[in-house]
Amino acid sequence: MILSWSKNSIWSRCPCWDLLLQYAKLCRLAGHYETANRAILEAQASGAPNVHMEKAKLLWSTRRSDGAIAELQQTLLHMPEQVVGAAARSSITSLSLVPLNPQPAFCDPQASSENLDIAKTLLLYSRWIHYTGQKQKEDLITLYARVRDLQPKWEKGFFYLAKYCDEVLVDARKRLEDNYEQGPRPVPLTSTSISPSNTERLWWTYAPDVLLFYAKGLHRGHKNLFQALPRLLTQWFEFGSIYLEISRNIGSNLKINH
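Per full-length UniProt numbering, the sequence shown runs over residues 1 to 258.
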């Protein structure tokens, strides 16, 4: 594929770097990685502000996950701490995929919090860290929650926060059921005679967050409607079907969370 530059073409009517990044994306999706890389280098040379996103996605597509994560991490470490958030920044630096000598920029926190590009970078970083299993759930929830705080009207931020909390809920419930199966006698799955670790949240305490985040995401958009709505209804009806039985066993604890 060859770029054609002319005064009458669309290329001459749009920012050069923006078109280069779009071209790089199309090449990446088509599997033309070398061409995509050249377009990214051209965009970087022209001063593209968000070239790190496309560069990281190209690295991820070519199975260089560490390089992709490091690219996003380096970008986030150079962002103002008051925007990224102290807790999120601490979580990012603890991974140590890049040298920890950043020189963060200084800018108005209110203006930066409205910058969707920062939220997009942090969300992509959080998703990849989740996928590669390089962080504990508390760190991941902190990162996803920061994305939500940066863009409280962004559907995608709420959707992925809900999706992650949903996975945590399912995993916690499965561990509890596995403990029951290893017991000396059959115990109903809704019983609480076997308690999980004192340091671990009971699985049903995640249900309100899951339902709320899915609902807020749907309230802000419909791009993830066919994923979010089925999970919202499934969790709502499953939780409701066992609510009365569990509440008889544990008293007010469940009612407070509900």
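FYI, nobody ran anything at the bench for these hints, they're computed from the structure. Heads up, a few of these hints could be off.
Calculated lysine-lysine pairs in the PhoX-like style (CA-CA distance at most 20 Å, straight line) [as the list claims (entries may be wrong)]:
#, residue 1, residue 2
1, Lys-216, Lys-156
2, Lys-223, Lys-135
3, Lys-25, Lys-137
4, Lys-223, Lys-120
5, Lys-120, Lys-216
6, Lys-120, Lys-156
7, Lys-135, Lys-120
8, Lys-120, Lys-153
9, Lys-153, Lys-223
10, Lys-223, Lys-137
11, Lys-137, Lys-174
Just so you know, these numbers come straight off a predicted model, no measurement behind them.
Taking the hints in turn, this is what the structure says about them:
1. Lys-216 with Lys-156: holds, 10 Å
2. Lys-223 with Lys-135: violated, 28 Å
3. Lys-25 with Lys-137: violated, 31 Å
4. Lys-223 with Lys-120: With a Cα-Cα distance of about 16 Å, the restraint between Lys-223 and Lys-120 holds, given a limit of 20 Å.
5. Lys-120 with Lys-216: holds, 18 Å
6. Lys-120 with Lys-156: Satisfied, since the Cα-Cα distance of roughly 9 Å is no more than 20 Å.
7. Lys-135 with Lys-120: holds, 19 Å
8. Lys-120 with Lys-153: holds, 13 Å
9. Lys-153 with Lys-223: Holds. Lys-153 to Lys-223 sits at ~14 Å (cutoff 20 Å).
10. Lys-223 with Lys-137: violated, 26 Å
11. Lys-137 with Lys-174: holds, 16 Å
This entry does not satisfy hints 2, 3 and 10, going by the numbered hints stated previously.
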